[in-house]
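Add chain B to chain A, keeping to what the hints say.
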Amino acid sequence: MKENSEFDDIPGTTVFTAQRSHQGFHLNQFCMSLMKPDNRARFKSDESRYLDEWQLSDAQKQAVIKRDYNAMIAEGGNIYFLAKIFSSDGVSFLTAAASMTDMTADEYAEMMLHGGRSPQGVRSIREGR
Amino acid sequence: MARITAGVTTSHVPAIGAALDLGKQDSEYWAPLFAGYEWSKEWIASEAPDVIVLVYNDHASAFSLEIIPTFAIGCADEFAIADEGFGPRPVPKVIGHPDLACHLAQSLILDEFDMTVINEMAVDHGLTVPLSLLFGQPREWPVKVVPIAVNVIQYPPPTGERCFKLGQAIRRGVESFDEDLNVQVWGTGGMSHQLQGPRAGLINQEFDNAFLDNMTENSDDLRKIPHIDYVREAGSEAIELVMWLIMRGALGDAVELLHRFYHVPASNTAVGHLVLKSIAAQR
Numbered sequence: 024m025k026e027n028s029e030f031d032d033i034p035g036t037t038v039f040t041a042q043r044s045h046q047g048f049h050l051n052q053f054c055m056s057l058m059k060p061d062n063r064a065r066f067k068s069d070e071s072r073y074l075d076e077w078q079l080s081d082a083q084k085q086a087v088i089k090r091d092y093n094a095m096i097a098e099g100g101n102i103y104f105l106a107k108i109f110s111s112d113g114v115s116f117l118t119a120a121a122s123m124t125d126m127t128a129d130e131y132a133e134m135m136l137h138g139g140r141s142p143q144g145v146r147s148i149r150e151g152r
Numbered sequence: 002m003a004r005i006t007a008g009v010t011t012s013h014v015p016a017i018g019a020a021l022d023l024g025k026q027d028s029e030y031w032a033p034l035f036a037g038y039e040w041s042k043e044w045i046a047s048e049a050p051d052v053i054v055l056v057y058n059d060h061a062s063a064f065s066l067e068i069i070p071t072f073a074i075g076c077a078d079e080f081a082i083a084d085e086g087f088g089p090r091p092v093p094k095v096i097g098h099p100d101l102a103c104h105l106a107q108s109l110i111l112d113e114f115d116m117t118v119i120n121e122m123a124v125d126h127g128l129t130v131p132l133s134l135l136f137g138q139p140r141e142w143p144v145k146v147v148p149i150a151v152n153v154i155q156y157p158p159p160t161g162e163r164c165f166k167l168g169q170a171i172r173r174g175v176e177s178f179d180e181d182l183n184v185q186v187w188g189t190g191g192m193s194h195q196l197q198g199p200r201a202g203l204i205n206q207e208f209d210n211a212f213l214d215n216m217t218e219n220s221d222d223l224r225k226i227p228h229i230d231y232v233r234e235a236g237s238e239a240i241e242l243v244m245w246l247i248m249r250g251a252l253g254d255a256v257e258l259l260h261r262f263y264h265v266p267a268s269n270t271a272v273g274h275l276v277l278k279s280i281a282a283q284r
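Those protein sequence lines, which keep their order, are chains A and B.
Letter by letter, the first sequence follows residues 24 to 152 in my numbering.
Letter by letter, the second sequence follows residues 2 to 284 in my numbering.
Note that these hints are calculated values from the structure, not bench results.
Be aware that a few hints might be false.
[Unchecked claim] 30 Å max Cα-Cα, derived DSSO-like pairs, lysine-lysine:
(1) K225/B with K25/B
(2) K89/A with K67/A
(3) K166/B with K278/B
(4) K89/A with K59/A
(5) K94/B with K59/A
(6) K84/A with K67/A
(7) K25/B with K67/A
(8) K59/A with K25/B
(9) K25/B with K94/B
[As the list claims (entries may be wrong)] Chain A residues, not near chain B, derived (Cβ > 12 Å throughout):
(10) R65
(11) D69
(12) S71
(13) L74
We put the CB at the ideal spot given by N, CA and C, even for glycine.
Isolated chain B (complex conformation):
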């Protein structure tokens, strides 16, 4: 049986990818950021997960305004790296796990989550920056990935409550897959940031740290945060944090905090990162 053993959350700021790709990770600006991921890199090398169900959002790369799926799952053999306007990032293509992805698509839809099924798509920094942060710059990614793309670009994104429940359904789906797989669920994006308008640059460290606390201590409170509160308190793009709740829902009732990191700034954004271990079955 496949099992969800752990979860990772991390911001996915594009400038982090650019810093790595341009060899700037040891600079005064970037070194403190990358230092916060050193523990996690060692941890994941020893964990050696088989598959990551990677929750992220596309940033106008695979999905234009023609079609805007709320929840989509990537079932392809592999996913190309998107050209976001300055050429594709020089990172390996992402290898999928179509058997698990197709099983999950069926399981989730029959579990009343109406997923959009994607058989071909390019993936952008939202998915590749988290991989780079945890795995560095390998020739090939040492893990297979099932991408779950969530619309957080066009209002409204799914609610935090809905995201949490999708996470719970992902856990049921993974646990009903016959193959013996070590699966992690990652939730990416956030934390506080606003990339547009005269209020650009907003950072709310108090909001972010309370959110980090509640990821382990009281996720029920996080599920109830209305969209307006994310926008008002933590910036228009902070609403990406609903994707963290998919990861949290997938880990079950009780989690153990293995690693926590918070850093301001990376470009316009507050970076948050958690590694959580799943320690109990869900209700």
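If we strip away everything but chain A, and leave its shape as in the complex, we get:
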């Protein structure tokens, strides 16, 4: 992914490139399947068994079961696809986003109410700004 290495300079951020799309294809397609109520019901009744129907790596399966969204993204997940999982769980985008940070859901919601995370210091690792 040489051509996109400039993104590695932005801390705490993963850009969903064609390579990541390839890596996460089955994980993201599993997420899409949760748009159907029958599939949501089957997934919820036995998550592990439902996940076995998809060509997922062990790391991908474990990340889903643990609802570790940073790990899912590292394994090629895209947040808009992963949203089908937390929507099925009845979890808001705010709470799901908070779970990827070092804050509690309440701390994160409070930060958003006060104008969100400042870009100061998280623009560039290399340039320290």
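Using the frame of chain A, we list chain B on its own:
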């Protein structure tokens, strides 16, 4: 002849749709947000556009990772409301304008924009939340919609420059359609937000307000913003702002600012909203 009279930009945060659908619009959290759209609701009721060319992005609803069109145009009679994981939003189905859409598809492709033509698709919050913000909760939407779906999910989205030029081509296409129609172009998404990773929650009010300024004062600067700057300055999902430039390109050289609103936060996102009137032909 059909004509583009005005443009609207607005964020399309899914939680805004949920707030409306659950009757929470008067709550302490949401009331300031909805107040920013009151003027626009009155304005659009008096404008009564016939068709909205609505530029938005699908969020893994109609398009999976099987096929990822950069620019797609919806030519169907109607568009169902997508189930995004918690059941479809309780809003009316979206009625298309297939004659205008098919004309635009042909016009744009011959004008060197290689559109993907969509004859059946469901539409998600990216398209329905802007309709709700401007029209409230009617039994039927009082306008027909030509959806233009832009890929901003998988990198790279089209450049700002390309989006602006697509807007210009949409204007040429609309103006070569025989029927007398009052057409608006809407650009949705943005403003600053990052929904993923340890940097989630990023908001850059300075970037957003400069962007809002330049939508009327200096759109040439906006066309040159590289993707890395959106991601770095305003968050990985702020790159949706390229869709605003399609609207801006469609309005011609000179615009008049009718309404401007900015609010933080709606869920994880900075909400920006503009109503612009087209006042001159483009070069």
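How the hints compare with the structure:
Taken as a hint, the K225/B and K25/B pair is broken in the structure, with Cα atoms around 39 Å apart against an allowance of 30 Å. A C-alpha spacing of about 13 Å is found between K89/A and K67/A, which places the hinted pair at or below 30 Å, so the restraint holds. Restraint check for K166/B and K278/B: satisfied, since their Cα atoms lie roughly 19 Å apart, inside the 30 Å limit. Pair hint K89/A plus K59/A holds up; C-alpha atoms about 22 Å apart against a cutoff of 30 Å.
At roughly 18 Å between alpha-carbon atoms, K94/B and K59/A fall within 30 Å of each other, so this suggested pair holds. Note on K84/A and K67/A: the hinted pairing holds, with a Cα-Cα distance of about 14 Å set against a maximum of 30 Å. For the hint pairing K25/B with K67/A, the CA-to-CA distance comes to about 29 Å; that is within 30 Å, so the pair holds. At most 30 Å may separate the alpha-carbon atoms for a hinted pair to count; K59/A and K25/B meet this at roughly 27 Å.
Annotation: proposed proximity of K25/B to K94/B holds, straight-line Cα distance about 22 Å (limit 30 Å). Listed as outside the interface, R65/A is consistent with that label: its C-beta sits roughly 14 Å from the nearest C-beta of chain B, beyond the 12 Å cut-off. For D69/A, the shortest C-beta to C-beta distance to chain B comes to about 19 Å, beyond the 12 Å cut-off, and the non-interface label holds. The Cβ of S71/A sits about 20 Å from the closest Cβ of chain B, beyond the 12 Å cut-off, so the non-interface label holds.
Residue-level check passed: L74/A sits 16 Å from the nearest beta carbon of chain B, beyond 12 Å.
In this structure, only the earlier hint numbered 1 is contradicted, and the remaining ones agree with it.
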